[in-house]
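Student: Protein chains in written order, with the numbering used here: chain C, 89 to 410; chain X, 159 to 778.
Don't take every hint at face value.
[Said to hold, decoys possible] Derived Cβ-Cβ restraints for the label pairs, each shown as a range:
#	chain 1	residue 1	chain 2	residue 2	range
1	C	329	X	400	52 to 58 Å
2	X	578	C	135	43 to 49 Å
3	X	616	C	190	33 to 39 Å
4	X	400	C	267	24 to 30 Å
5	X	604	C	140	40 to 46 Å
6	X	296	C	269	50 to 56 Å
7	C	190	X	296	53 to 59 Å
Rather than coming from a laboratory, the hints here were simulated on the basis of the structure.
Note that CB positions come from ideal geometry on N, CA and C, so glycine has one too.
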Amino acid sequence: MSIPVYILKRILQTLPLLFLVSVMSFLIIKLSPVDPLAELKLNPSISPQTLQAEKVRLGLNLPIYKQYWKWLSSATKGDLGISTSGEKVSDRLMERIPNTLLLTIITIVITWIVAVPLGIFAALHWRSTTDRILTVISSLGMAIPSFFFALLLLIFAVKTGWFPVGGLTSVGFEKFNIFQKFLDMAHHLFLPVLVLTTISLAGLQRQMRGNMLDILEADYIKMARAKGLPENMVIYKHALRNAINPMVTMLGFEFASLLSGAALTEFVFQYPGLGRLILEAVLKLDINLVMASLMIGAIMLILGNLIADILLKLVDPRITLD
Amino acid sequence: MINKKNLIALILILFTAIFLFKACVRKDVPETIVKSTAENSLKVIKIKYPGEYKTKEINGVEYKVARGIPGKFGGSLHTSTIGEGPKTFNPWSAKDATSSTIGEMMFDGLINTDAYTGQTIPQLAKSVKINKAGTEYIIELRKGLKWSDGKPITSADVVFTWNDIVAAGFGNTSMRDNILIKGQPPKVEAIDKYTVKFTTPETFAPFLRQLSLSIAPKHILEPVIKQGKKTFDAFWGVTTPPDQFVTSGMFKLSRYIPAQRVELVRNTNYYIIDKLDRKLPYLNKYIMFIVGDLNNEVLKFESGEIDMLSVRGENVARFKELQKRSDYTLYNLGPDTGTMFLSFNENTRKNDSGKYYVDPVKQKWFNDVNFRKAVDYAIDREGIVSNVLGGIGSPLFTSESLSSIFLNQKLKNGHPRSLKVAKNYLKKSGFKWDKNGKLYDKWNNRVEFNLYTNAGNTERESTGVMIKQDLEELGLKVNFKPIEFNVLVGKLVDSLDWDAIIISLTGSPLEPHSGRNVWSSTGGLHLFNQRTGKYLTEQTDLKPWEKELDNLFEEGARTIDFNKRHKIYDRYQDIIYNELPLHYLYSPLRIYAVRNKFGNLYPTPLGGVTHNLEEIYVKN
Numbered sequence: 089m090s091i092p093v094y095i096l097k098r099i100l101q102t103l104p105l106l107f108l109v110s111v112m113s114f115l116i117i118k119l120s121p122v123d124p125l126a127e128l129k130l131n132p133s134i135s136p137q138t139l140q141a142e143k144v145r146l147g148l149n150l151p152i153y154k155q156y157w158k159w160l161s162s163a164t165k166g167d168l169g170i171s172t173s174g175e176k177v178s179d180r181l182m183e184r185i186p187n188t189l190l191l192t193i194i195t196i197v198i199t200w201i202v203a204v205p206l207g208i209f210a211a212l213h214w215r216s217t218t219d220r221i222l223t224v225i226s227s228l229g230m231a232i233p234s235f236f237f238a239l240l241l242l243i244f245a246v247k248t249g250w251f252p253v254g255g256l257t258s259v260g261f262e263k264f265n266i267f268q269k270f271l272d273m274a275h276h277l278f279l280p281v282l283v284l285t286t287i288s289l290a291g292l293q294r295q296m297r298g299n300m301l302d303i304l305e306a307d308y309i310k311m312a313r314a315k316g317l318p319e320n321m322v323i324y325k326h327a328l329r330n331a332i333n334p335m336v337t338m339l340g341f342e343f344a345s346l347l348s349g350a351a352l353t354e355f356v357f358q359y360p361g362l363g364r365l366i367l368e369a370v371l372k373l374d375i376n377l378v379m380a381s382l383m384i385g386a387i388m389l390i391l392g393n394l395i396a397d398i399l400l401k402l403v404d405p406r407i408t409l410d
Numbered sequence: 159m160i161n162k163k164n165l166i167a168l169i170l171i172l173f174t175a176i177f178l179f180k181a182c183v184r185k186d187v188p189e190t191i192v193k194s195t196a197e198n199s200l201k202v203i204k205i206k207y208p209g210e211y212k213t214k215e216i217n218g219v220e221y222k223v224a225r226g227i228p229g230k231f232g233g234s235l236h237t238s239t240i241g242e243g244p245k246t247f248n249p250w251s252a253k254d255a256t257s258s259t260i261g262e263m264m265f266d267g268l269i270n271t272d273a274y275t276g277q278t279i280p281q282l283a284k285s286v287k288i289n290k291a292g293t294e295y296i297i298e299l300r301k302g303l304k305w306s307d308g309k310p311i312t313s314a315d316v317v318f319t320w321n322d323i324v325a326a327g328f329g330n331t332s333m334r335d336n337i338l339i340k341g342q343p344p345k346v347e348a349i350d351k352y353t354v355k356f357t358t359p360e361t362f363a364p365f366l367r368q369l370s371l372s373i374a375p376k377h378i379l380e381p382v383i384k385q386g387k388k389t390f391d392a393f394w395g396v397t398t399p400p401d402q403f404v405t406s407g408m409f410k411l412s413r414y415i416p417a418q419r420v421e422l423v424r425n426t427n428y429y430i431i432d433k434l435d436r437k438l439p440y441l442n443k444y445i446m447f448i449v450g451d452l453n454n455e456v457l458k459f460e461s462g463e464i465d466m467l468s469v470r471g472e473n474v475a476r477f478k479e480l481q482k483r484s485d486y487t488l489y490n491l492g493p494d495t496g497t498m499f500l501s502f503n504e505n506t507r508k509n510d511s512g513k514y515y516v517d518p519v520k521q522k523w524f525n526d527v528n529f530r531k532a533v534d535y536a537i538d539r540e541g542i543v544s545n546v547l548g549g550i551g552s553p554l555f556t557s558e559s560l561s562s563i564f565l566n567q568k569l570k571n572g573h574p575r576s577l578k579v580a581k582n583y584l585k586k587s588g589f590k591w592d593k594n595g596k597l598y599d600k601w602n603n604r605v606e607f608n609l610y611t612n613a614g615n616t617e618r619e620s621t622g623v624m625i626k627q628d629l630e631e632l633g634l635k636v637n638f639k640p641i642e643f644n645v646l647v648g649k650l651v652d653s654l655d656w657d658a659i660i661i662s663l664t665g666s667p668l669e670p671h672s673g674r675n676v677w678s679s680t681g682g683l684h685l686f687n688q689r690t691g692k693y694l695t696e697q698t699d700l701k702p703w704e705k706e707l708d709n710l711f712e713e714g715a716r717t718i719d720f721n722k723r724h725k726i727y728d729r730y731q732d733i734i735y736n737e738l739p740l741h742y743l744y745s746p747l748r749i750y751a752v753r754n755k756f757g758n759l760y761p762t763p764l765g766g767v768t769h770n771l772e773e774i775y776v777k778n
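Chain C with its partners taken away, still in its complex shape (with noise of 0.2 Å):
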């Protein structure tokens, strides 16, 4: 099967399944005991004329089957709806996601120039003291929480003064020339992506240390070496073009997490990223944002395990796409 026709083929297929995780996901919100309106019940000055012009105005009043339909018909147009504060939902979204990519994307390319590398030297020095040393430190890696060691980075740039605590650019930002722009936004960037290269750090070079070692046991590895090939031949011809297969799908799933991996570590440094703004839609039971915010994440998830299997296609031409 052609390219071509197979992403048409796996788009097709996604349709029912996106059309599921829409129906459960507002189903899941609906069953939730949050009521968008508790604070302004509690509120002595809101008659009840203004909270039922509300009740309308956020389509609380109709069965839930029709407030589906009403979000399902305009988001197939493309609209996203309006957020109970009465602003466009896809504003808001886009006000926000290229904060987040900035951060998402700089941590995958350091995070992969860093990690690719590291694994392949570890997985060379099997058992060398480098090789423990870096052990210990990506264990260490995956084992602490981001939130955690987020905050303890925090707690570091408010006792030195080092570093802004959160955000993105100072007071005064529009002022600057290009280069104090970029310094700017580097500085106020460097705390949120070391917490996030840190955390994936470790299990990517891991994952590549593991791969080139089962490879480097395999027996085309010792007849190349047999028949007398250049070592440098041996590890970047045969043995990496094989071990990277694995991190070919690993690389899919970093798609998927580029708008949402980040959110925890974005909350704690005050990043005007997504991660705040959808914590604070479901807190408030913001429904279109929510919605908005999931299906994205679900078509992410979705377009990242595509792009995996064709990039797997291209890198592997043993493998076939049926």
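Once you have looked at the hints, place chain X on chain C.
Tutor: Structure of chain X alone, referenced to chain C:
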């Protein structure tokens, strides 16, 4: 197999784990009462009334003269707001506090509240004259004032705001609810370019404060209004470029960066001047950081990114300690307006399916004033303040908050805790104790009820535990159940099936009438005896004191004279104090930390820290 080395490592890990968990274990209530010293050493600020504002005419413009000392221009003030930041910059359609605050900074109202006395003072208005009957308000505007685009501010703008925006139901409709008197909006007409007359359908004292409503520029908003309510609600939203705003306030939006900060810049043509005739405000910029939670706000203050912070109970002692070697001062603004209370459900009605909202056995206790008094005497308010608030609060006995200008001075100190008095009240109603000290009523029912509050609010949860202990000393059995906030609200306003509850409502320190929804027998938040459906119209079961409260609130609204009103509201607080539909518990103290670099900083209990923002300046 475990060798020696591994064993040692294991033990070390165990110890570390125990040590870490130990820090997480926290008892609900300390066993002994710790008298906090933080409050004793942090006296409520003293205020000195600087006299009335004066008006000064220069080149045909009637300026308002600030009361502080002349300061320096420049600098900025960094504050913060918790949450997701503003949802709109249109103050007429704002529904949340942050949006309203910023909107009101950009658009002035006719009058304002004096932060020292709580009385109204002119703002855009030069004077407000009320006729004897209290139905006609003649308002003279300051001459020569201009919108930020240079167009004059005139009576046409006032008439437009009141008639075409608010009365017509544009924007936030609760604004309209507030100005309706007997279901009708006031009549607003322009007498000449600078004079407006408001006529209310009948005398309604709370109306005066409604005049603080932001005035809108007619020449900008008239075309918007014509396009309908949806367009108006979205107008001047958060995506509007700052240069499109036409404002009248002392600051104007210069930049909004979502989830980070709102930057406002000085209005160079504002109508308040200092004693040297220079146009205020002194500050060049006012920046509001948007922070996600309390802890982050504290961190931002400690790292110097923000200049002022509302310090909560548990942090006060630490901040007090840090103050010695830091660049800020703590100000105690006295008790805040929040009023925490315990209430029993006195509802004796049945729901639609014919079931009693409250178990008839319990109804008898909750409707017995002796029972409620006994509870009131058994609650150890001082103990709650010491233990739950760490001493950063005051016991509360009145339905008006301690900072209210209508506070009943005779009641504010309440009564001491006394189990003996409590027991006497119970005996009067035939309650009795068995040999284990358990309380039974006249009909030999064990006195036991459920006490709810919202889970997650540690302050309320701890208060509940303390009250449970206090009442158990009296022999009552209290099942204390913190439940989810939304479920709690559902019980309070919809299903009405609760016995007792601990919750707080926000009040106004300036206007007792804002509590009418709670106190009026037909109010939507008359929670201790909530009437719904047909009971709202055919009131056969009105208690005498409920009737008196209804009358008092009507009379209070009809009385213009402050002292006469005060007497009426004193009487209403008397009734609450004696009949105890709500048992008021405490008010936390408001404590602010503000950096020392600011001049003209005169915090007041009513106005907070930045009530005179226009004359606050950065020293050196």
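Student: Determine for every hint whether it applies to the structure shown.
Tutor: Going through the hints against the structure:
In this structure the hint that residue 329 of chain C and residue 400 of chain X lie 52 to 58 Å apart at CB holds, the actual value being about 55 Å. For residue 578 of chain X and residue 135 of chain C, the hinted distance range of 43 to 49 Å is satisfied, since their beta carbons lie about 45 Å from each other. Between residue 616 of chain X and residue 190 of chain C the CB atoms are about 36 Å apart, so this pair conforms to the stated range of 33 to 39 Å. Between residue 400 of chain X and residue 267 of chain C the beta carbons are some 26 Å apart, a value that agrees with the proposed interval 24 to 30 Å.
The beta-carbon spacing between residue 604 of chain X and residue 140 of chain C, approximately 42 Å, falls within the hinted interval of 40 to 46 Å. For residue 296 of chain X and residue 269 of chain C, the Cβ-Cβ distance of about 55 Å falls inside the hinted range of 50 to 56 Å, so the restraint holds. Between residue 190 of chain C and residue 296 of chain X the beta carbon distance is about 58 Å. The supplied range of 53 to 59 Å therefore holds.
Figure legend: structure checked against the earlier numbered hints; every hint is met.
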